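There are 2 protein chains.
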Amino acid sequence: MKRLNQSQLALLGLLSFGAMSGYDLKQLSDWSVGYFWRESYGQIYPHLKRLEADGLVARKTERGTGRRDRHEYRLTAAGKQTLQRWLAKPAAEEIPRNEMLLKVFFGDLVAPEFTVEHIARQKAQSEAELTAYAAVQKRIEGEQGSPRQKQHWLMTLRYGIHIAQAQMNWCEEMLKELK
Amino acid sequence: MKRLNQSQLALLGLLSFGAMSGYDLKQLSDWSVGYFWRESYGQIYPHLKRLEADGLVARKTERGTGRRDRHEYRLTAAGKQTLQRWLAKPAAEEIPRNEMLLKVFFGDLVAPEFTVEHIARQKAQSEAELTAYAAVQKRIEGEQGSPRQKQHWLMTLRYGIHIAQAQMNWCEEMLKELK
DNA sequence: CCCGACATGTAAACTGTTACATGATTAG
DNA sequence: CTAATCATGTAACAGTTTACATGTCGGG
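Respectively, the protein sequence lines represent chains A and B. Those letters in the first sequence? Residues 1 to 179, by UniProt numbering. Those letters in the second sequence? Residues 1 to 179, by UniProt numbering.
None of these hints come from the bench; they were simulated from the model. The structure displayed is predicted, hence computed values, not measured ones. Incorrect hints may have been included.
Since copy identity is lost for identical chains, a pair holds within one copy or between any two.
The calculated lysine-lysine pairs, modelled on DSSO-like cross-linking and capped at a C-alpha distance of 27 Å, are [what the hints assert, rightly or not]: (1) 80 to 26; (2) 138 to 176; (3) 49 to 176; (4) 150 to 179; (5) 123 to 179; (6) 123 to 89; (7) 60 to 49; (8) 26 to 179; (9) 123 to 60.
All chains should be modelled from the sequences, with the hints used to inform the complete structure.
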């Protein structure tokens, strides 16, 4: 039984909200943690198999009425314990990779318009994110779940908002400077 | 001749500042773009070979006086053109992965102290980054290079500062809320 | 009748880190 | 003498995306 990776632990975390299929997991993660964590089907399905083999999740198959079978996974006691142990450990430092910044950094090799364009595009993106976050907030408030659970969800959302706002401020500052 | 990836283009970009060895490339990238882009030797050396085979960089070998040979690479005209074409194209959206946020998100499954700890650690990290950025600023000012080049370097540095400050603000807000 | 949502999965390709291997020189 | 710096490189492993493959059901 090898050590689990971050992806697998993220899936365990999502399953703590209730039993779900691989498909559900993807849908849920896309809107709830999508702005700071993404998973693809190509990872989800193999990971679920692995987690089941390790006894961290349990599968229940529903014969679909004509539809393809649906495999619903729920967290086992062992899975929850593994998850909690992980949550107690400090998070690994993230190594960012920002292509846009790279293009600004090397921007003196091309016409200034290109740099302006990169920054304008970033600004539009951050703006769109802020709009999306407002929708996420509404959705969180509408979901069922304990107040504490919601508090944690909203805390991460606040992070996204802070970052997007900082990006916008930076973009505006830079666009002014480049004019 | 397959399409280059971001790493290879980043190396071409760094080589635009002058001829360098793989080792130099690593040292330079660590302090100059390290806060938003990182490369490891395990990538750099194979990439340089590949770039040379494609005619985008040219190698000059210096016999070291006893030391191991030093391979210095410089950008060719074709390499510069490839780089400029890339700089003109919009940057791909970055997909962030933030383990700390994931642990805050699932924080209601463990004692609140753990969430406080994750945030406190983030705060210390962002603080340290801000200190490091001040040193980078001094170093940029001391480097030779055109004013325009420096302007671009300082623009990306401002980005780092904005983000680190936003992170600090978020941390402080959250720590207050959790008390 | 066609599109989008539901639903699961695999394989290939790609990308990246880490550990290992080697070895000289220089500063403390 | 020993640690750090210069210096290059490979191999194993780990992680991720993408394209492909398959098929139903409901709504417009």
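Each hint tested on the structure:
With identical chains, the CA atoms of residue 80 and residue 26 are at most 27 Å apart within one copy only, with a shortest distance of 20 Å there and 41 Å across copies. For a Cα distance limit of 27 Å, the shortest separation of residue 138 from residue 176 across copies, 24 Å, qualifies, whereas the shortest one inside one copy, 34 Å, does not. In this assembly of identical chains, the alpha carbons of residue 49 and residue 176 never lie at most 27 Å apart, being 52 Å within a copy and 41 Å across copies at closest. Proximity of residue 150 and residue 179 under a CA criterion of 27 Å is satisfied inter-copy only: 17 Å between copies versus 43 Å inside one chain copy.
For the identical chains of this complex, residue 123 and residue 179 are intra-copy neighbours only, at 16 Å inside a copy versus 34 Å across copies, given an alpha-carbon limit of 27 Å. For the homomeric pair residue 123 and residue 89, the shortest alpha-carbon distance between copies (16 Å) is at most 27 Å, but the shortest distance inside one copy (35 Å) is not. Taking the shortest Cα distances, residue 60 and residue 49 sit within 27 Å of each other inside one copy (12 Å), while across copies they are farther apart (51 Å). Within a single copy, residue 26 and residue 179 get their C-alpha atoms no closer than 43 Å, and across copies no closer than 34 Å, so neither meets the 27 Å cut-off.
Neither within a single protomer nor between protomers do residue 123 and residue 60 lie at most 27 Å apart by alpha-carbon distance, with minima of 45 Å and 42 Å respectively.
Checked against the numbered hints above, the structure breaks hints 3, 8, 9 and satisfies the rest.
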